[in-house]
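S.K.: One letter stands for each residue in the lines below.
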Amino acid sequence: MTGEMVCGIEIHQQLDTCKLFCSCDSRLSDEGEGAVYRRLRPTTSEMGEVDRAALAQFRRNLGYRYQTAPGASCLVELDEEPPHRANDEAMETVLMFSEMLGSRTVDEIHFMRKIVVDGSNTSGFQRTALVSTGGAVEVGGRSISILSVCLEEDAARKVDAKAGEVTYRLDRLGIPLIEVATGPDIRTPEEAMEVAQRIGTLLRATKRVKRGIGTIREDLNISIPGGARIEIKGVQELRLLPLYVRNEVERQRMLLRVKGILEARGVREAPFEPVDVTDVLEGCGSKVLRGALSAGGRVLAVRLPGFAGVMNGDGGTLRLGAEMAQRARARGVRGIFHSDELSFSVGEGCQPAYGIAPSFVNALAERLGMAGEHDAFAICAADAATAEAALSAAVDRANEALLRVPEETRDPLPDGTSKYSRPLPGAARMYPETDVPPIPVPAERLERIRAELPELPEVTEGRLVERCGVNAQQARQIVHRGCAELFERISSELSLAAAAATAFLNTYGEMEREGLDPHSVPDAEVLSAFRMLSESRFSKEAMPALLREMASGASAEDAVRRLGLESVGEGEAEAVIASIVAERADFVRSKGAAAVGPLMGPVMGALRGRIDGRRANELLSKEIAKLLG
Amino acid sequence: MTYSVELSGILRSAGAAEGAKLSVSADGAEYVGTLMPHHEFSGPDILILKLKSGYNVGVRVGPGSAVKVLERPPERVRRDAPVEAREGLPTLVLIGTGGTIASYVDYRTGAVHPALSTSDMVGSIPEIRELANVRAEVLFSMFSENMDVPHWQELARAVAREIDAGADGVVIPHGTDTMGYTAAALSFMLGDVPKPVVLVGAQRSSDRPSSDASSNLMACARFCTAGNRAGVFAVMHDTPGDDSFAVHLGTRVRKMHTSRRDAFRSIGVPPVAHIDAAGRIELSGEGRPVSDGKVALRTGMERAAALLQYFPGMDPDMFAPVFDRCKGVVVAGSGLGHVNERMIPLIKGATDRGAVVVMASQCIDGSTNLNVYNTGRDLIAAGAVPAGDMLPETAYVKLMWALANTGSPEEAKRLMATPVAGELSDRRLLL
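Top line first, the protein sequences correspond to chains A and B.
First residue of the first sequence: 171, per our numbering; consecutive thereafter.
First residue of the second sequence: 431, per our numbering; consecutive thereafter.
Calculated directly from the structure, the hints in this document are not laboratory data.
Take the hints with a grain of salt, since some may be wrong.
Unchecked claim - Derived pair list, reagent style DSBU-like, types lysine-lysine, alpha-carbon separation capped at 30 Å:
(1) B:482 <-> A:403
(2) A:284 <-> B:498
(3) A:284 <-> B:482
(4) B:757 <-> B:778
(5) B:482 <-> B:451
(6) A:710 <-> A:796
(7) B:498 <-> B:482
(8) B:778 <-> B:724
(9) A:403 <-> A:429
(10) A:429 <-> A:284
(11) A:284 <-> A:377
(12) A:284 <-> B:451
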């Protein structure tokens with residue numbers, strides 16, 4: 171895609187230190203204990219006023235429950251004790267990282283309280299400090315500017331939500347995060363990924379960052395000319411970054427097309443005049459509607475003059491209806507139906523859409539008094555108040571389409587698209603964290619850090635290519651995965667560079683796609699697995715299974731035992747192979763020596779990786795030769 | 431720490447006042463932001479700027495730096511909407527004294543104010559007006575560690591004035607550090623006060639969304655309007671959660687944790703009441719119902735009094751000047767109320783001179799008993815009187831009050847042994 175787009179990214183990387191403001195472990199806990207109930211009250215603003223909407227929400231009795239996590243939370247996370255001094259190792263890491271970017275560190279670091287009232291911080295604010303500004307990363311010959319590097323605390327983890335109450339676990343709250351924001355310099359979807367990759371690699375070069383699923387999260391800021399700034403928040407999968415960017419650019423273009431069509435039609439803002447159409451839909455076959463009605467709900471409808479064909483039209487490329495439905499869902503309904511997705515046609519072969527027969531659709535149109543060429547409608551079924559609020563939000567969204575692409579924060583979805591989350595927040599309300607003293611950064615400290623900067627990734631990559639026999643692309647991936655140090659050891663101490671490269675480049679990726687976290691395995695255990703391999707305790711074909719077992723918490727020794735991987739003796743292998751060949755004697759005779767290939771599968775399957783492939787091949791060839799005489 | 435002479439000079443000559451938008455170039459970098467107040471722990475050559483992003487940063491200003499004012503500080507406009515009284519609701523008067531509950535950080539300037547006005551406090555909890563017509567006044571703006579006996583006396587007079595003028599209850603936002611002492615002082619000074627007088631505090635300042643200030647105030651207002659109990663109380667969180675509050679008797683309450691929301695505990699007795707998230711009040715035991723009538727105020731206090739904590743190796747020579755100067759001394763002794771034998775002559779000397787020496791216990795919970803061990807019997811022989819199950823702090827406050835409101839040390843001793851405001855009991859139950 172070469173169209174104009176502007177994109178910047180923000181990366182949040184967890185650090186592998188204690189928590190930022192206490193001595194708790196920075197690790198997630200499978201168990202949560204107890205549940206302290208809290209509420210967060212919107213505070214008085216600079217002008218002595220309280221945000222009405224936020225206060226209204228508070229008065230609807232929204233509350234939060236906080237589970238403690240043994241070892242990973244204390245009174246500080248519960249907001250029952252003031253924060254301790256900022257963790258020095260975390261501070262050192264962010265200073266180091268700033269120097270690697272060529273950013274300018276401020277002379278004195280001040281922690282701030284950034285107001286967040288969604289309950290994800292027990293205090294009602296996130297502690298964050300601006301550490302440095304400026305600097306750049308070079309990606310593909312282009313310089314991408316760095317706006318800021320901050321050190322902040324991660325939020326609590328949402329574990330449950332029900333009406334009026336959200337439950338969080340405190341294990342993640344307070345884990346130090348480096349937040350690095352680039353300027354709006356990214357011009358293609360692929361570049362977004364490359365920049366994220368480069369920054370990620372620099373972060374890993376500090377050797378003090380966490381690795382694995384959920385330890386690094388990206389926010390994307392995307393806009394196109396005539397569009398709007400959209401923030402897609404919390405992308406965890408790097409490889410999906412280009413897709414999110416591409417889809418968002420497409421979405422904004424689609425909205426501009428919709429705007430153009432509506433302008434050409436001279437469509438005006440649709441008034442919000444909901445009509446109760448429950449009686450019209452009595453006896454309708456739609457499960458959704460029947461479900462809502464049997465729960466005592468009502469069906470409300472609104473007319474949308476001029477909006478036909480843009481809610482879902484032009485072969486599904488115009489999709490304003492999906493945007494409207496997302497807004498409606500944010501008000502607590504399961505969705506809306508709109509006229510673009512319902513069938514008006516009566517006759518042979520006309521199927522009712524969503525179980526709403528055309529006769530009902532036409533009756534609805536009549537009740538609503540639809541007359542104009544492009545008249546459309548939307549309906550929603552729920553209890554009357556909820557349905558009205560949801561439809562009102564949907565109509566507001568439709569009307570926004572006349573004016574502009576609305577600025578939004580959107581949630582990334584696993585398929586590379588995104589959905590509406592909330593309006594883009596205004597300037598953050600921040601005020602000083604008075605419980606944490608300012609941290610001076612003397613020039614001498616920066617000089618010392620500068621003198622001891624970690625090796626740049628390209629230097630490590632060069633050495634891997636030179637000494638470990640991998641190509642530049644592979645070296646880059648190994649470094650990006652943060653496995654370089656381990657890879658070099660396995661290569662130099664055990665001479666197993668090829669096997670290690672396969673593990674880090676292929677197996678790790680497969681495991682992540684399966685939802686396993688290869689980085690949860692300690693380096694020492696991985697090393698010990700490769701040491702056993704070098705001692706021929708099992709075959710290299712067994713390594714992927716072994717790593718998977720280890721990712722579920724087993725030590726290398728235990729995993730080998732559990733999987734029954736100890737290499738088979740020569741005699742046992744011969745016997746197994748002989749029986750396989752004997753069973754398929756006719757096949758072997760018909761294929762001759764070429765039977766080796768097809769039979770390798772069954773042989774390796776029967777030996778379950780407990781033999782080296784080359785050795786199996788030799789034994790199999792021998793056995794086949796024997797049979798063929 | 432304040433600004434260095436050089437930096438003060440630079441700021442003065444640039445005409446840079448707090449809140450002004452500045453451009454500061456130093457060491458090759460330029461920062462543009464609003465000038466914030468200097469932090470106590472910031473370097474003397476550091477300026478604090480609030481950048482457009484909202485972040486504060488410290489910028490070192492040296493000889494090669496340039497400070498330029500881009501905009502003057504904006505005028506601050508505040509609107510205080512008058513509130514009309516609603517008929518049929520009881521009247522609560524808030525008398526502010528300061529403390530965390532009233533302190534906040536100014537979002538604009540970043541300065542910490544110890545004095546959120548009491549009406550600001552009420553204004554930020556509009557739902558309190560559904561329970562009562564609330565009138566607010568500020569008596570002091572101080573952290574409670576700075577409270578002194580004259581402040582208690584002035585506060586007691588203010589409370590009495592409001593109740594005599596018809597208030598249905600008085601709520602006193604107060605710093606938590608010495609809230610227990612003030613509660614005890616008011617309990618004695620206000621006598622059988624006919625209405626609820628409730629101290630309330632916060633462990634988290636009001637600028638934070640997680641502050642316990644508003645929920646404690648609401649619980650307080652509920653107790654005052656629907657509890658039908660007269661007396662002096664303190665209301666705070668009963669658990670770390672925002673769904674449970676406890677009402678403590680003023681003479682029995684003590685701060686038992688430095689930072690938790692549920693720091694306040696009733697010692698030796700159950701709390702007077704629990705209040706849940708929905709505002710339901712569950713009273714425990716008997717109490718004095720609300721009535722009409724005036725306050726019988728007795729604010730006299732003997733200032734020549736001290737509260738000492740006994741410690742192993744306590745040296746009588748070191749404390750002789752204290753005993754010499756005081757008309758009353760409370761010693762929080764070990765266990766049942768003991769001190770080492772070297773201290774006993776000092777105590778005897780003091781009582782011989784007419785001072786009242788009261789033995790309390792640093793165990794905090796339980797009663798003193800000077801009859802069990804020799805040391806105790808020696809203390810009785812030396813003229814000391816036991817505090818019973820009075821908290822050491824309550825015993826100290828009561829001793830000052832007893833000495834000032836009786837004619838002789840003997841009368842004061844008798845008063846010390848007589849329950850006046852629920853501070854003392856003969857029976858201790860398994861709680």
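S.K.: So which of the earlier hints does this model not fit?
M.R.: When the structure is compared with the hints, numbers 8 and 10 turn out to be violated.
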